[in-house]
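K.L.:
One letter stands for each residue in the lines below.
2 protein chains.
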Amino acid sequence: MTPVRVRSVSHAAFTIERHLDALPHEVFDAFADPLRHERWYVKADDWPIAEYRHDFRIGGREHGRFSPDGRTVYLSDTLYLDIVADRRIVFAYGMASGDRPISASVATIELLPEGGGTRLRYTEQGTFLDDRDRPGVRELGWHALLDSLEAELMRVYAAS
Amino acid sequence: MTPVRVRSVSHAAFTIERHLDALPHEVFDAFADPLRHERWYVKADDWPIAEYRHDFRIGGREHGRFSPDGRTVYLSDTLYLDIVADRRIVFAYGMASGDRPISASVATIELLPEGGGTRLRYTEQGTFLDDRDRPGVRELGWHALLDSLEAELMRVYAAS
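If you read the sequences in order, they're chains A and B. End of the first sequence = 687 in our numbering, gap-free, step of one. End of the second sequence = 687 in our numbering, gap-free, step of one.
No lab work stands behind these hints: they were computed from the structure. In this text, a Cβ means the ideal position worked out from N, Cα and C, and glycines have one as well. Mixed in with the good hints, there may be bad ones.
The following residues of chain B were derived to be distant from chain A, with all beta-carbon distances above 12 Å [stated by the list, open to error]: (1) P575; (2) M681; (3) R682; (4) V683.
If you anchor each label on the Cβ, the simulated ranges turn out as follows [as the list claims (entries may be wrong)]: (5) A:G642 / B:D658: 22 to 32 Å; (6) B:H538 / A:E641: 18 to 28 Å; (7) B:A612 / A:D596: 27 to 37 Å; (8) A:R534 / B:L667: 26 to 36 Å; (9) B:F583 / A:R661: 20 to 30 Å; (10) B:G597 / A:D596: 49 to 59 Å; (11) A:R661 / B:L639: 19 to 29 Å; (12) A:R659 / B:E641: 22 to 32 Å; (13) A:R661 / B:F541: 21 to 31 Å.
Looking at chain A on its own, in the form it has when it is part of the complex (with noise of 0.2 Å):
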């Protein structure tokens, strides 16, 4: 017999702010630079599985495939939907696993000056399926990867 296949949705939404010591177009630079994007973005976790295809213009539209142990596949698919040079950046994307679809949102990044550094705001509304995604494990993940961010900026930034 088939299991019945329990179907569920689950909208939240999430804001987290951070304050960087690099200034607005340098932020920027390591979203629209594919080694720096590469970086601290898709190599962030040292997965045995980690390829992205960088795409980054207003409808570009990118595919990542990752792996945390070289056996469950995770697949994102991202569309940038606005991008404002060193001020914002709106891009969807979905998250499956496996041919699996379980999670989608909307993701805003905003670059604001802060004394002279920026205060970057990073808003996630999404929509989580069949109870397969979290939007707590998802804040946490995006709090991990802006560490990762961080410190690409003082990589490059804190030598020059």
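Assemble chain B onto chain A, guided by the hints.
P.N.:
This is chain B only, laid out in the frame that chain A set:
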């Protein structure tokens, strides 16, 4: 002197629920079938410009071009992130006025059997840019689209 361009972002979510006198698979078909979707969605308003590329599948991308007056042209860019036949459709979409993005959203359509018909629940999580688009206007727009969907369902299924 070039005016200072004010940048603003406003995040909002809304839900619309409606009972429809058609079965879930009949409602689903109105989204999945290109000719029916053209009738109630693309051509809903008799606008002089209403063009659409239909690509209804997970990962599918649709581009629309609309104008109420033949001068101001609105572009839509849609990416399907989840489709469960007769049950659920999740898509991200951006709207632009000319070449300027005005909003980015994730929309969830849930179809639930209810009293011989369907309860449709539409949820949109939206990011509205630079005060050029507003959640209230978007919500009214979707009420009008769901009116058009109801008329389409009546046309097809009331006759059978």
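K.L.:
Name the hints, by number, that the structure is in violation of.
P.N.:
Nothing - there is no hint that the structure violates, so all of them hold.
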